[in-house]
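Here the structure of chain A is known, so what remains is to put chains B and C in place on it, guided by the hints.
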Amino acid sequence: MTWLFDFWRSSIGGKVTMAITGLLLFGFVVAHLLGNLQLFAGPEAINAYARFLHERQGLLWVARLGLLAVFVLHVVTGIRLARGNRAARPVPYAKDDTVQATFASRSMVFSGLSLLVFVLYHLLHFTFGLTNPAHYARKAAGADGHDVYAMVTASFHVPAIAIAYAGFQIVLFLHLRHGIQSLAQTLGLHHGRYTPWIARASVVLALFVAGGNALLALSVLSGLVTVAP
Amino acid sequence: MKVVLHVWRQQRRSTKQDFVQDGRMVRYELDHVSPDMSFLEMLDVLNEQLIRKGEDPVAFDHDCREGICGSCGVVIDGVPHGPERGTTACQLHMRSFRDGAEIWVEPWRAAAFPVVRDLVVDRSAFDRVVQAGAFVSVNTGAPQDANAIPVPKAAADRAFDAATCIGCGACVAACKNASAMLFVGAKVSHFLHLPQGRVERERRARNLVAAMDAEGFGNCTNQNECEAVCPKEIPVRVIAELNREFVRARLIEEPVGKKRVGGDG
Amino acid sequence: MKLDAKIPAGPVQEKWDARKFELKLVNPANKRKYKVLVVGSGLAGAAAAASLAELGYQVECFCFQDSPRRAHSIAAQGGINAAKNYRNDGDSIWRLFYDTVKGGDFRAREANVYRLAQLSVDIIDQAVAQGVPFAREYGGLLDNRSFGGAQVSRTFYARGQTGQQLLLGAYAALSRQIGLGAVKMFPRTEMLDVVLVDGHAKGIVVRDLVGGEIRSHAGDAVVLATGGYGNVFYLSTNAKGCNVTATWRAYKRGAGFANPCYTQIHPTCIPVSGDHQSKLTLMSESLRNDGRVWVPKQAGDKRRAQDIPEAERDYFLERKYPSFGNLAPRDIASRAAKQVCDEGRGIGETGLGVYLDFRDSIARLGKEAIAARYGNLFHMYAKITAEDPYSQPMRIFPAVHYTMGGLWVDYDLQSTIPGLFVLGEANFSDHGANRLGASALMQGLADGYFVIPYTIGGYLAGQRAGAIKTDHPQFAATAGEVDELTRRLLSIQGKRTVDDFHKALGKIMWQHCGMARNERGLQQALRDIPALREEFWRDVRVPGSGAELNQSLEKAGRVADFLEFGELMCRDALERRESCGGHFREEWQDEGEARRDDENFCHAAVWEYTGPGRAPARHVEPLAFENVHLAVRSYK
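In order, the protein sequences belong to chains A, B and C.
FYI, the numbering for the first sequence is 1 to 229, going by my numbering.
FYI, the numbering for the second sequence is 1 to 265, going by my numbering.
FYI, the numbering for the third sequence is 1 to 636, going by my numbering.
One chain only, chain A, in its complex shape (with noise of 0.2 Å):
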């Protein structure tokens, strides 16, 4: 296996991973909100989504394992790259300008970063109830313990979370806008012809996911999404 960890120390090696970490992470983003977008089909379709996913324990806790570890290797390659970066360029220009890099390609690290303290907040939140217990708490209350529902509206009712979530919103979709299409041409994928599509479609792509969570919060804070009783 020196082979492969000799892979991931290469300057290549490391952006493939970032890339195939990346396309997954990105696969599960997509897959979380078509899960989440069930909010607006009611308390029942979300609530039996979320019954459905806990009857399957082991294999949860393969894919919840599986992600972690995936996570875990785009923030310790993505690190390990940026410190390869910085490095590369002891002095900074006195005056330095920028010709066609995009602002969301140049920010990866920071809006990286800003994911990393987002995901963490996001699962003290959601997944181990710390932050606001008392919203945790109205899950188990629920019928089967699974009222998700209840513990995602009342959440978001409360504006300062529902702005938070939705502003994180903007970072995202700055990362993946980048993310996506940087992937694509580091995994090899350029084409004359379809290029310049690629990059058009990781804006939509972007758009869809970040605006979909978006929409989901300020639904709630909106009143669109009832607050459950």
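Warning: the hint list may mix true and false statements.
Unchecked claim - Derived pair list, reagent style DSS-like, types lysine-lysine, alpha-carbon separation capped at 27 Å:
{"hint": "1", "chain 1": "C", "residue 1": "Lys-252", "chain 2": "C", "residue 2": "Lys-636"}
{"hint": "2", "chain 1": "B", "residue 1": "Lys-2", "chain 2": "C", "residue 2": "Lys-252"}
{"hint": "3", "chain 1": "C", "residue 1": "Lys-495", "chain 2": "B", "residue 2": "Lys-53"}
{"hint": "4", "chain 1": "C", "residue 1": "Lys-297", "chain 2": "C", "residue 2": "Lys-636"}
{"hint": "5", "chain 1": "C", "residue 1": "Lys-184", "chain 2": "B", "residue 2": "Lys-16"}
{"hint": "6", "chain 1": "A", "residue 1": "Lys-95", "chain 2": "C", "residue 2": "Lys-383"}
{"hint": "7", "chain 1": "A", "residue 1": "Lys-95", "chain 2": "B", "residue 2": "Lys-153"}
{"hint": "8", "chain 1": "B", "residue 1": "Lys-53", "chain 2": "C", "residue 2": "Lys-297"}
{"hint": "9", "chain 1": "B", "residue 1": "Lys-53", "chain 2": "C", "residue 2": "Lys-503"}
{"hint": "10", "chain 1": "C", "residue 1": "Lys-383", "chain 2": "B", "residue 2": "Lys-2"}
Derived by calculation from the structure, the hints in this document are not laboratory data.
Chains B and C in isolation, oriented as in the chain A frame:
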């Protein structure tokens, strides 16, 4: 016209411990600049003035002054080779600046390119990367007739697009991560599209990336800043090709010389 | 000075084979014991260093640039000739040989030229095998074009960057040997003298341009591939660093310098825009395939090109040379341009320029076809002049481009100093008084890949390997002289800069020893140059010290040599009382056409250094034309 220059002056060579040495930006005012001068001719005028005043002239690399040798290269107002696309500093003319402009002139900034003096940097890292495998292993002698292997025109053109790299290092200087992947990608792409070069593709991809990594360049994050400043406008396509070739060489191709599993022995 | 060209006996077609067989061989196991010092890393130097290392010799290679890839061969645009006859248009080795001898105005050595034509075909094979991306046709085979002075399509090209691609091929081969440890490369290192031991070249003295240190390197033979001396004119198409120092210092150690007056003025360069000009930019001669050269018929016509009607344009090359038209050889095209400018019909603000017009080609072939052929050249022109050559004609004017003269070498490319070999533009051997387009790349690579690997063995076989080391007293003595020269340059601390002197020398040379020369002017130059040189050594200012990267010091050393060399050049031009090729003496002409004097000057003039302040001695190597008969060169 008149310009105000801020030029990086550094007398002693950068070391790993002290990259900056006594370096600093120094301000110079320059009068009677003709818009028809090239940027380097403007620096010539500055140097003639400095020598007459008994000061040390600004050291900068240059040679052919027609945009092909790749010697010259300074960062002008934060952009390698200055504001004109597809143009080296020697072919950049002062008519690209307005009268009275303040212009910042700095050397390439990268750990792999230590400053030798003022605006002169050491780009031997590029040579070492090439020495690791950017060639076809063919000795001088009697290869087959040049027309023995037809090469599709499109392939030859693609190879040429990459081979046109002048090795100036602007890609590294522009990259926010000081990555050399446009340069290395150009080498890989040049040989990838030619049947003569394909023979050694795995070895080349492996060795070039290893050599590049050993030099301390950064990692590409696909910001495409390199492509924007490349005086030969080499596309980032070559980086995708480099990535593909490296993955192919390291993960897909089966290693040779190992015992076969489940063989007939 | 003994000039034995060592031309093998027998018919010209068999001379090279005969010579290769005569040459003694070095046993493969012994090759690694011999060390060869190669100075210069252009086409000739890089090809030689790589090929010699492949054979097993230890090689050390030196260049003043920061990387061997930057040698000025890289700037050659148009192409490389080879007698492949892929076009079925009647080309052959014999025709390339004939064209080159005739193009050189019968002042080259037949045997060398024939060998060059023979080897031309191998060069293309070698380059393609290295991965040089030559232009191809849709069928996947190599494309060719016709090029200045040739009536067949034998020029292989890689867009307008043929020199670059060929040099990168040689550089790749060299890099491979460096990676294998067979070549030790010394970039940013300038050769400042050659070390002679018992009359043989056994080493060189160099300056490390970064640290300033003067160092000695010993070897069993020295190969100079240091290019031409066009920068004696200050303004030329050469790179700023090109210089005569290596060959000049070899000359002062006893190597004969042949035909220094033969310089090529290239007809298609961008005109000078002002005093600040630091170099001239060549536009590939290939442009003349589709561009038409003209000036207004009326002197002083200052209308814009577009406003001058067809009837008032003089397509002077087509008019004077109907069969070659715009493709007339370089010397002829340049002189014709000078002539119309002298008549007051030159264009542009300075009146020193002619038009190169693509209007008709664009109308015939379409803008796209023209862009595909010359896109990068048009782009470069637009960048430099801020004019669009698609919509208005280019302005061009002749400029110094190449020097046919150089150190005298025999058939083996060995100079008059045993063990000192000279390749490429640095020698004098193949182009006579005028070089045909797309032949410089051919010569550099032929010398480096295919001649020196054989001929150097013939010399080394008679030498004891590694006999001389740098502890030999001759090294310390030579290094001491170099050091002293450096010290002197730094100690003057006068008022004028090095560039100032260089520009002044350039003006003298261009005025009196440029496109047209005459006795009075040359005599004047022979008075002006020593005066300027004397002033240089009295009043030059070289800042800084010798122990650092000091670009002014580098330039000062080179200009000091140009100031001596320029005098030799004028002397040679004065003594050659005829016109031939690039050497045009106004006294010998037939209405603007060069008039050779075969009776008295059918020879190479070889100059021998006789000591400081003493007039050099002129020797001659008679040239025999047994295969191509002496004739008046006519392109009408």
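Verification of the supplied hints:
1. Distance restraint check for C:Lys-252 and C:Lys-636: the Cα-Cα separation of roughly 43 Å exceeds the 27 Å cut-off, and the hinted pair is therefore not satisfied.
2. Distance restraint check for B:Lys-2 and C:Lys-252: the Cα-Cα separation of roughly 46 Å exceeds the 27 Å cut-off, and the hinted pair is therefore not satisfied.
3. Of the supplied pair hints, the one linking C:Lys-495 and B:Lys-53 holds, its CA atoms being roughly 10 Å apart against a limit of 27 Å.
4. At most 27 Å may separate the alpha-carbon atoms for a hinted pair to count; C:Lys-297 and C:Lys-636 meet this at roughly 21 Å.
5. Distance restraint check for C:Lys-184 and B:Lys-16: the Cα-Cα separation of roughly 25 Å lies within the 27 Å cut-off, and the hinted pair is therefore satisfied.
6. Between A:Lys-95 and C:Lys-383 the CA atoms are separated by roughly 25 Å; this keeps the pair inside 27 Å, and the hint holds.
7. Taking the CA atoms of A:Lys-95 and B:Lys-153, the gap is about 43 Å. The hint is violated against a cut of 27 Å.
8. For the suggested pair B:Lys-53 and C:Lys-297, the alpha carbons sit about 50 Å apart, so the restraint of at most 27 Å is broken.
9. For the hint linking B:Lys-53 to C:Lys-503, the alpha-carbon distance of about 20 Å falls within 27 Å, and the restraint holds.
10. Annotation: proposed proximity of C:Lys-383 to B:Lys-2 holds, straight-line Cα distance about 21 Å (limit 27 Å).
Against the hints set out earlier in the document, violations occur for numbers 1, 2, 7, 8.
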